[in-house]
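Peer 1: Residues per chain are reported as follows:
2 protein chains.
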Amino acid sequence: MSARARAARVQGTVRIVGAGLLGASIGHALTALGVDVALDDTSPAQLRLAVDYGAGRRAEADDEPSLVVVAVPPDVTSDVIERELARFPQAVVTDVASVKLEPLRALRDRGVDLTHYIGSHPLAGRERGGAISARADIFIGRPWVVCRDDETSTGDLAVVEALALDLGATPIEMSPEEHDRAVALVSHVPQLVASLLAGRFVEAPDGSLSLAGQGVRDTTRIAASAPELWVQILGANSAPVVDVLDELAADLATVADALRSPDAPGARRAVADTIRRGNEGVERLPGKHGQNRRFEQVVVMVDDTPGQLGRLFGELGELDVNVEDLRLEHSPGAQFGLAEISVVPRAVRRAVEGLQARGWKIASTTND
Amino acid sequence: MSARARAARVQGTVRIVGAGLLGASIGHALTALGVDVALDDTSPAQLRLAVDYGAGRRAEADDEPSLVVVAVPPDVTSDVIERELARFPQAVVTDVASVKLEPLRALRDRGVDLTHYIGSHPLAGRERGGAISARADIFIGRPWVVCRDDETSTGDLAVVEALALDLGATPIEMSPEEHDRAVALVSHVPQLVASLLAGRFVEAPDGSLSLAGQGVRDTTRIAASAPELWVQILGANSAPVVDVLDELAADLATVADALRSPDAPGARRAVADTIRRGNEGVERLPGKHGQNRRFEQVVVMVDDTPGQLGRLFGELGELDVNVEDLRLEHSPGAQFGLAEISVVPRAVRRAVEGLQARGWKIASTTND
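Protein chains in written order, with the UniProt record's numbering: chain S, 1 to 368; chain Y, 1 to 368.
Any given hint could turn out to be false.
Same chains, same names: a pair is fine if it fits in one copy or spans any two.
Stated by the list, open to error - Straight-line C-alpha distance at most 25 angstroms; calculated SDA-like pairs for lysine to any residue:
#, residue 1, residue 2
1, 361, 133
2, 361, 349
3, 361, 310
4, 361, 232
5, 361, 33
6, 361, 82
7, 361, 327
8, 361, 61
9, 361, 148
10, 361, 311
11, 361, 217
12, 361, 206
13, 361, 249
14, 361, 151
15, 361, 111
16, 361, 112
17, 361, 270
For the record, the hints were derived by calculation from the structure and aren't laboratory data.
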């Protein structure tokens, strides 16, 4: 159950180049499994931070890694991959960059021997970057795309998949083209859409913006992302991004035209279709509404007085129910709030019956 | 402090037409203040539910309301306003519809005497509709737009502002035109953008969607909204919505063209400008990042074992610290989670020092 109890699948020394958020997080997770992690970074400060926080040891000149993980910014990824392949010809080299075709093309154009290179991309991250934000658990339950090709040996592929599995991620095989189209759709275009929408607020009257609610805040949350990294990512994946943008522009023109003549035949239907297709599309996203499908939710009414949540969680502890996640729906000034508790499915009945026996009101469960 | 302790500003009987989410929520809040609330609804079931849940009493034929609140669907709003003005010539009549110019135009076109009509719009709601989801506290801290005009008497205006204040909302005076442009920008276009983006997922390969993360889920969350209401809202506010959509389409074309020739002069800069303008725009939104600015956040490390949250909240209760909001950042399988606790500013030091004295690790506070 716990990570400490597991043995690592990866063997030997793992060298991580780039001790930022992803590199240091991989280091933390592997170190916790007892793996020898050798960290390298062009920034001495970043490297010291990652080592101090327990992400691994400093790389040494005589390291003989079995696996090299390149976790550097996109614009230097292919250079570092080329250097690491040349320096450690026996090692498998992978990278964690968020675009897969461009670095591969660059390496092929230079005639680099790519026998032991396997591109990969863990779909994990945090809003905050850097070694200081690194956490061993950011990969757990997340997809980890692995791009094999005809040159890839089964043994090398197994090494990269072992890395993903050791970190709790789910390896998914995709071609670089499939990967880049997928991230254009579910990551790069959503970023641009959020930025474009938020960009419309720059010149808006203050009064207009005072009417903003949770909906628009959610829709534009990622517009707060740093430009530097996104210019690199979007530039490196421009063709698939443009394809999706063009489709989106056509859809946008259709609904704008319908609203230009709202009483014309078919106009209402075009607007309704836009909203309905949105319903259908968002329904296809895994883990929609931010809920984790591995858990069931139990919603409990909680009086708004100090100590009530303490009593609730104390009694859940007595019932041996572990709270996997929790959201408190609560408005200041209200006399009660709703605590939405996520528990493993087998604990739902124990939680509901136990809490009710202790006088708690259950507002709903996922199974309702 | 509590709602029960305050005296109501509104005087006499308040008649509420439409006992859905907004109508019933207004009823709950006024009833809690001791106001006589007369509820009416064309649906007997909805009316019974609202009365049973304590949102007010059934309207009677001889009611003499001082204020009528029309809280019916947008497509019947102007009809109901006209009827109520004729039936209760001494009362102030307001509505809570989310578009303000169209119903006003319809009423003017019919030559209705609008002396005692003041349009308003509370920016409040929940994902779930209906009387059963009604809550007295949904207006607290939210803006409540009030549209006066030259005919509006100071006395009538004071009645509608008293209603907003009684419900804990902040009255904001705007013209119907200003209001409709503002909600086009911060509500109606964000809805369409989320729907259009999510609509692109309908025909995407399953594999692509498996790479979706929290960013795209947030960006498309409101795409789950019901089509019926949105077709009415967008149709009623089409001109301002089209204006924003056209601007957005132009911005989108600019960045798509830049990405079509990513190495052309100025292309990187155009992409960077898009992201940077997004940064600037999202920064202007009140309450950005979904955090409530009235509270400070304290982040506490919590071991992943049953009873730990119970101990934490029990000890916060002992410290007399009330938890106003809470988010648990937690990955299944990790050895610990982070509990982000929102407390009133004056409780931060008491919480931090008290918890540390009891052996808890504080990961950060808002003041860091």
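Peer 1: Each hint should be assessed against the structure and marked as holding or not.
Peer 2: Going through the hints against the structure:
When the C-alpha separation of residue 361 and residue 133 is checked against a cutoff of 25 angstroms, the pair qualifies only between copies, where the shortest distance is 16 angstroms, while the shortest distance within a copy is 38 angstroms. Taking the shortest Cα distances, residue 361 and residue 349 sit within 25 angstroms of each other inside one copy (14 angstroms), while across copies they are farther apart (33 angstroms). Taking the closest pair of Cα atoms, residue 361 and residue 310 come within 25 angstroms of each other both inside a single copy (16 angstroms) and across two copies (18 angstroms). Within a single copy, residue 361 and residue 232 get their C-alpha atoms no closer than 51 angstroms, and across copies no closer than 37 angstroms, so neither meets the 25 angstroms cut-off.
Proximity of residue 361 to residue 33 under the C-alpha cut-off of 25 angstroms is restricted to the inter-copy arrangement: shortest distance 24 angstroms between copies versus 43 angstroms within a copy. When the C-alpha separation of residue 361 and residue 82 is checked against a cutoff of 25 angstroms, the pair qualifies neither within a copy, at 61 angstroms, nor between copies, at 43 angstroms. In the homo-oligomer, the alpha carbons of residue 361 and residue 327 lie at most 25 angstroms apart both inside one protomer (17 angstroms) and across protomers (21 angstroms), since each shortest distance falls under that limit. Neither within a single protomer nor between protomers do residue 361 and residue 61 lie at most 25 angstroms apart by alpha-carbon distance, with minima of 63 angstroms and 38 angstroms respectively.
Within a single copy, residue 361 and residue 148 get their C-alpha atoms no closer than 53 angstroms, and across copies no closer than 43 angstroms, so neither meets the 25 angstroms cut-off. Within a single copy, residue 361 and residue 311 get their C-alpha atoms as close as 13 angstroms, and across copies as close as 21 angstroms, so both meet the 25 angstroms cut-off. With identical chains, the CA atoms of residue 361 and residue 217 are never at most 25 angstroms apart, being 31 angstroms at best within one copy and 31 angstroms at best between copies. Taking identical chains as interchangeable, the C-alpha atoms of residue 361 and residue 206 are never at most 25 angstroms apart, the minima being 41 angstroms within one chain and 39 angstroms between chains.
Taking the shortest alpha-carbon separations for residue 361 and residue 249, neither the intra-copy value of 49 angstroms nor the inter-copy value of 49 angstroms comes in at or below 25 angstroms. Taking CA atoms no more than 25 angstroms apart as the test, residue 361 paired with residue 151 passes in neither setting, with 61 angstroms inside one copy and 49 angstroms between copies. Taking identical chains as interchangeable, the C-alpha atoms of residue 361 and residue 111 are never at most 25 angstroms apart, the minima being 68 angstroms within one chain and 52 angstroms between chains. In this assembly of identical chains, the alpha carbons of residue 361 and residue 112 never lie at most 25 angstroms apart, being 65 angstroms within a copy and 49 angstroms across copies at closest.
Neither within a single protomer nor between protomers do residue 361 and residue 270 lie at most 25 angstroms apart by alpha-carbon distance, with minima of 44 angstroms and 54 angstroms respectively.
In the structure shown, a violation is registered for the earlier hints numbered 4, 6, 8, 9, 11, 12, 13, 14, 15, 16, 17, in ascending order.
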